[in-house]
Amino acid sequence: MAYAVALYAVVAAFISALLLVAYISINDAALGRIPTRVAEAAPANKRWRTADFEEVSKRLDENPIRIEDALPPKTGRRYIVVGGAGFLGGWIVQHLLKRGEPPSNIRIVDLRPPTRLDFQSGHREKPPRIGL
Numbered sequence: 001m002a003y004a005v006a007l008y009a010v011v012a013a014f015i016s017a018l019l020l021v022a023y024i025s026i027n028d029a030a031l032g033r034i035p036t037r038v039a040e041a042a043p044a045n046k047r048w049r050t051a052d053f054e055e056v057s058k059r060l061d062e063n064p065i066r067i068e069d070a071l072p073p074k075t076g077r078r079y080i081v082v083g084g085a086g087f088l089g090g091w092i093v094q095h096l097l098k099r100g101e102p103p104s105n106i107r108i109v110d111l112r113p114p115t116r117l118d119f120q121s122g123h124r125e126k127p128p129r130i131g132l
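All residue numbers for the sequence shown refer to the UniProt record's numbering, where the first residue is 1 and numbers rise by one.
Rather than coming from a laboratory, the hints here were simulated on the basis of the structure. Even glycine gets a Cβ: it sits at the ideal position worked out from N, Cα and C. Everything hinted at is true.
Pairwise CB distance ranges, derived in the manner of DEER restraints:
| # | residue 1 | residue 2 | range |
| --- | --- | --- | --- |
| 1 | V82 | L7 | 53 to 59 Å |
| 2 | V109 | N27 | 35 to 41 Å |
| 3 | Y23 | T75 | 52 to 58 Å |
Please model the entire structure based on the sequences and the hints provided.
Given below as structure tokens:
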């Protein structure tokens, strides 16, 4: 009886490993080619090459996109940015500061502390008191 159970376990492990290898090889083959719908939508002569990316990067370094003119005026309100240590929350905090909101009106709430150096200044133990 124990021999049969062990044999079934070995066979099940072998079949599982075989299915895993088959899945990986089929997945790799699918990722290695461009789907026909995508190839039709983006012909090879119109796809971006490394040189195209480098050219655009160089142009943006020389003349970066400025959005300061599109930012709304400051309101003086208080803001709580949940997830402010992350990419999107940090972007929101940056733009609040760029439009002139005082840092004392912005609270960053996140599970981890901010890694950006410009978000780490100020009094952590005694933040400025804001009347509610």
